[in-house]
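Turn these sequences into a full structure, and let the hints steer you where they fit.
So the mapping is simple: my numbering equals the position in the sequence shown, first residue as 1, plus 13.
Source of the hints: derived by calculation from the structure; they are not laboratory data.
It cannot be assumed that every hint is accurate.
[Stated by the list, open to error] Heads up, simulated DMTMM-like pairs for lysine to aspartate or glutamate below, C-alpha to C-alpha not over 20 Å straight-line:
no.: 1; residue 1: LYS70; residue 2: ASP44
no.: 2; residue 1: LYS144; residue 2: ASP90
no.: 3; residue 1: LYS23; residue 2: ASP99
no.: 4; residue 1: LYS144; residue 2: GLU88
no.: 5; residue 1: LYS144; residue 2: GLU121
no.: 6; residue 1: LYS70; residue 2: GLU55
no.: 7; residue 1: LYS23; residue 2: GLU55
no.: 8; residue 1: LYS70; residue 2: ASP60
[Stated by the list, open to error] Pair ranges (Cβ atoms, derived):
no.: 9; residue 1: SER93; residue 2: VAL139; range: 18 to 24 Å
no.: 10; residue 1: THR71; residue 2: PRO35; range: 17 to 23 Å
no.: 11; residue 1: THR71; residue 2: PRO123; range: 19 to 25 Å
no.: 12; residue 1: PHE122; residue 2: PRO63; range: 17 to 23 Å
no.: 13; residue 1: GLU149; residue 2: PRO102; range: 26 to 32 Å
no.: 14; residue 1: ILE136; residue 2: LYS70; range: 18 to 24 Å
no.: 15; residue 1: PRO102; residue 2: ASN75; range: 19 to 25 Å
no.: 16; residue 1: THR82; residue 2: ASP140; range: 26 to 32 Å
no.: 17; residue 1: GLY133; residue 2: ARG112; range: 34 to 40 Å
no.: 18; residue 1: SER69; residue 2: TYR142; range: 17 to 23 Å
no.: 19; residue 1: THR82; residue 2: GLN21; range: 19 to 25 Å
no.: 20; residue 1: GLU92; residue 2: LYS70; range: 15 to 21 Å
no.: 21; residue 1: CYS96; residue 2: SER69; range: 26 to 32 Å
On a predicted model such as this, the values are computed, not experimentally measured, just so you know.
Note that CB positions come from ideal geometry on N, CA and C, so glycine has one too.
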Amino acid sequence: MSKDAPTQNKLIEMMNAAGMRPSLQRLATLDCICRLGHPTAEEIYADLSPTLPSLSKTTVYNSLHALVTAALVREIDIESGTCHYDLAPQPRHSHFICRTCGRIFDMEFPPELDMANYAGFSIDSVDLYLKGSCPECNK
Numbered sequence: 014m015s016k017d018a019p020t021q022n023k024l025i026e027m028m029n030a031a032g033m034r035p036s037l038q039r040l041a042t043l044d045c046i047c048r049l050g051h052p053t054a055e056e057i058y059a060d061l062s063p064t065l066p067s068l069s070k071t072t073v074y075n076s077l078h079a080l081v082t083a084a085l086v087r088e089i090d091i092e093s094g095t096c097h098y099d100l101a102p103q104p105r106h107s108h109f110i111c112r113t114c115g116r117i118f119d120m121e122f123p124p125e126l127d128m129a130n131y132a133g134f135s136i137d138s139v140d141l142y143l144k145g146s147c148p149e150c151n152k
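Quick look at the structure:
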């Protein structure tokens with residue numbers, strides 16, 4: 014995700030539009046998600062703690078909870094027991110996790126999934142997870 018990561022100003026705009034105060038910790042957490050692409054809370058903490066020495070894991074978890082509640086970040090439960098995070102305001106897409114290297118890739122969502130087939134249901138989330146080996150690990 015880092016190649017098209019939003020600028021700090023864009024992240025602040027997104028937070029303000031969501032009615033969220035852009036604290037240093039929340040902004041740093043959101044920026045980290047954009048830079049790293051699909052990190053876990055532990056990876057966010059490890060990335061941010063050298064530059065924010067007063068940051069605690071609790072603050073990271075609280076920031077993630079606030080960002081998810083504000084619909085700026087989505088939780089990705091692609092691995093059992095591990096939650097990854099992704100920027101929420103994106104076009105619908107699926108995720109692929111490589112069982113060999115553990116990297117998570119954004120994948121195109123299958124266009125043939127027709128939500129009209131689910132008339133009468135109230136669907137608030139659609140997640141498609143693919144698992145296997147990435148092209149690099151297949152070499």
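Any of the earlier hints contradicted here, and which numbers? 7, 11, 12, 14, 16, 18 and 21
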